[in-house]
Amino acid sequence: MKFSWPICDCLIAFYSTGYPLEKAEAYATLRKPFLVNELEPQHLLHDRRKVYECLEMFGIPVPRYALVNREYPYQELNYFIEQEDYVEVHGERFWKPFVEKPIDGDDHRIMIYYPSSAGGGMKELFRKVGNRSSEFHQEVRRVRREGSYIYEEFMPTGGTDVKVYTVGPEYAHAEARKSPVVDGVVLRNLDGKEVRYPVLLTPAEKQMARDVCIAFRQAVCGFDLLRSEGRSYVCDVNGWSFVKNSHKYYDDAACVLRKMFLDAKAPHLSSTIPPTLPWKINEPVQPSEGLTRQGSGIIGKFGQAEELRCVIAVIRHGDRTPKQKVKLKVTEEKLLNLMLKYNGCRPRSETKLKSAVQLQDLLDATRMLVPRERSGRESDSDAEDIEHAEKLRQVKAVLEEGGHFSGIYRKVQLKPLKWVKVSKTNGEGEEERPVEALMVLKYGGVLTHAGRKQAEELGRYFRNNMYPGEGTGLLRLHSTYRHDLKIYSSDEGRVQMSAAAFAKGLLDLEGQLTPILVSLVSKDSSMLDGLDNASIEMEEAKARLNEIIISGAKTVHSNGSAEFPWMVDGAGLPPSASQLLPKLVKLTKKVTAQVKLLVKDEDEKLAMTSTYAVLPPYDQAKALGKSNIDVGRIASGLPCGSEGFLLMYARWKKLERDLYNERKERFDITQIPDVYDSCKYDILHNSHLNLEGLDELFKVAQLLADGVIPNEYGINPKQKLKIGSKIARRLLGKIMIDLRNTREEAISVAELKSNQDEGSTCLTGKKTTDSHSKLPVKNEDTRRSSSTSEMSLDQDDDDDKETKYRLDPKYANVKTPERHVRTRLYFTSESHIHSLMNVLRYCNLDESLQGEESLVCHSALERLFKTKELDYMSYIVFRMFENTEVALEDPKRFRLEMTFSRGADLSPLEENDGEAASLHQEHTLPIMGPERLQEVGSYLTLEKMEKMIRPFAMPAEDFPPPSTPQGFSGYFSKSAGMLERLVNLWPFHKHANANGK
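Under this note's numbering, the letters of the sequence shown match residues 71 to 1067, in that order.
Keep in mind the hints are simulated off the structure, nothing from the lab. You may find that some hints are simply not true.
Said to hold, decoys possible - In silico DSSO-like links for lysine-lysine, alpha-carbon gap of 30 Å or less:
| no. | residue 1 | residue 2 |
| --- | --- | --- |
| 1 | K512 | K660 |
| 2 | K670 | K656 |
| 3 | K393 | K404 |
| 4 | K612 | K399 |
This one's a predicted model, so the numbers in the text were calculated from it and none came from an experiment.
Work out the full structure, taking the sequences as your base and the hints as a guide.
Structure representation (structure tokens):
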């Protein structure tokens, strides 16, 4: 039968589920056709283990991985260990997030497991079904065990995947699409096809494409490319694969395949047939439209040639629950043994408990130690014992809160205080044992449903208002590799989740925050956390502030005047601050007493149930900030969120105790911000509890906090500048690096474009190719003349990572392919917002800048003085514009615009604002719009900004040196001769190479 098979000259057979590969092999053996894709290697494409083995054999970079092979389902393997936040295979550990792939290449159910510190859960990737390509499962924490799997290091790619398609070893087409890892929603155009954009490949990636083609002996194939932290990796090879929606690619592929067929079967015709398609020879070149212009908005016009180049924003987190801390000395053996268990049995070493397993152990121990009933008023009860029992009860309540554990929001520290020597269990000598330890439990500070809503809304606002230009705006820029986005966050959970929620609104994403957080947000605690560098100066400021308030002294002028009221010591404090303190204490006691009654009622109800009830199922919404208010809890008369009455009472009782020491008759003004914080939270979220006097307490606390909070960062402008520069030094340095990198890149692109325009009438295809291959590289002369050297850039922002990925202008259906915008978003806490703002407005007070005007205009200084609070979601934005009609060397080529927002600083008692009243019903407040920090029409150059900020910013050379990506030396070096031959034969190569082929 097979001898009747027809004869064909060329055979294209491809790997696919159900394809009769053996039959194709039999035909090839019989008829000997030219094989575009060799058949035997297609068998190994069904097994991911063999694919990875082949990739490694040819030196093609792959993510770090390990194999788990099972002979039957659920086979226990002694080399495989699974813990809460990692798996270990043959001693190699993979921390979450990690990827789990079936070894079967036809099984596309790939899982990503997330760490408990980000909320946990698993995302399942699968072949597109409708508009979905993945689903997030919050409750899934354990890996699969029914088969054999590859465990692979998760590679953050900024929310974008790259698909590469080869047609022979010297042609590769690459397209970017939204990664299914982010939210699983497939973007489709009006025709229902997935939205993808062609992108340029780097020289190293071109070499990888060639190597994949040769390694698997598949002329036409596709593979997935991961671009992560400046390097590229191949993570899947698909065998036969064609691009679906690119006419230019179809034309190129047709020409390449025709050349292959003729070379193989009719070499005498190969050189006589035109290398381009006949209908393409006289096709007119489409004119390139001008770049998008800066229009109106919150800034004035500066000429029609001005283009947005950079957006840098420093943003405070959203609405949160009050931060809390419980301190108690413990002597109980169960707790001391727990400390030893997790510190490696070192009696003098402290330990930190954050994971779910650790916190569960602590909860189990605490439950056994907490008395089943309160001691009441027994005369023989010791006051310290009662207080200790109440604190243990509070620890237990905190650990049980919300029905789940999350290291983002609860941390326990155990520090040994006393030791004794005891005999070893084996009787050989003595050893130390701790007999007392200090337990510190930090909790609260959880991003609320309101905080999540605020962050998402602000992200949408940025998307629609900070990027003037194309009708489809930022989303089109981002999806076409013309938007260079990086998001940084401090280590605090509320800040991380605010960053993720903002990214969701900015990029119009869907789904849960955990995958967005892991995919798009980078933590940088050294830049966005901590006050240690300025702790001494802040203590001095607080001491002076306490002196001014307690003594009732009027503010002391230091170069102050009616025109400059912010120049006095303690500016902003109410004149009656000392008289307000007793009232603050009295009202705090009144609120605390009412909450105590609510606890008593709750105790009576709990007495009807078991004290040791099993924890309810994990509630992801409470871990990550709910999207809606707790209607059920509110209707039941319970506090909003997951806070019970016991913890609410503990919060208020601690404030009452710390605010005023009755024995010493001493006020602690550092507690004023915390009283204000609790008042504002309960008015916004727990108004249904009708706590009498809470509104009045809020008004008193707000008057005091409006003066205290700004002065904690410096009692006068010079001290504010000193403290601000110490806290924000690294952040200021990073912002300056961002601005310099943007300038250098823009100048490099402008010079390249100028050179192309000058030589456009005489350029050959080879010239065009060279120009485009140089596009991602910064101009060397410009780089050398800059104040920032290549080796001085931050490790996360070195030259290669910043500039190498670009949209392909030849293949992209985009009006302005040259347009490129850099966005850097820094999410942090109140301290860094105040510090950064203080440096901006008072930098001219430094001795080295005497005679210079402030970066902030006088009217903005007045507004800032009246702005007492930089509330939740407050932000400072720097936007840099390039005037393309100004000479490259002219300082006015680049202009900076600075704006700020007070955040959600409306009073929750506001009744005259319709929008605020409506939002208050949803337990949130609106975010104020941006305000100028410069006069309309003013011109701040980058040179001026650098001069004013340099004394306070971390020098660029102090940042860690960049890591140099590997493999960028060769350009198809293994086949230079063949490449040269193809270049000489194919006039259409200018399309191929410009496209990164």
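Consistency of the hints with the structure:
1. Among the hinted pairs, K512 with K660 is consistent with the structure: their alpha-carbon atoms are about 26 Å apart, no more than 30 Å.
2. Straight-line distance between C-alpha atoms of K670 and K656 comes to about 22 Å, which keeps the hinted pair within the 30 Å bound.
3. Using a Cα cut-off of 30 Å, the hinted pair K393 and K404 holds, with the two alpha carbons roughly 27 Å apart.
4. Proximity of K612 to K399 is assessed by CA-CA distance (about 28 Å); at most 30 Å being required, the pair is judged to hold.
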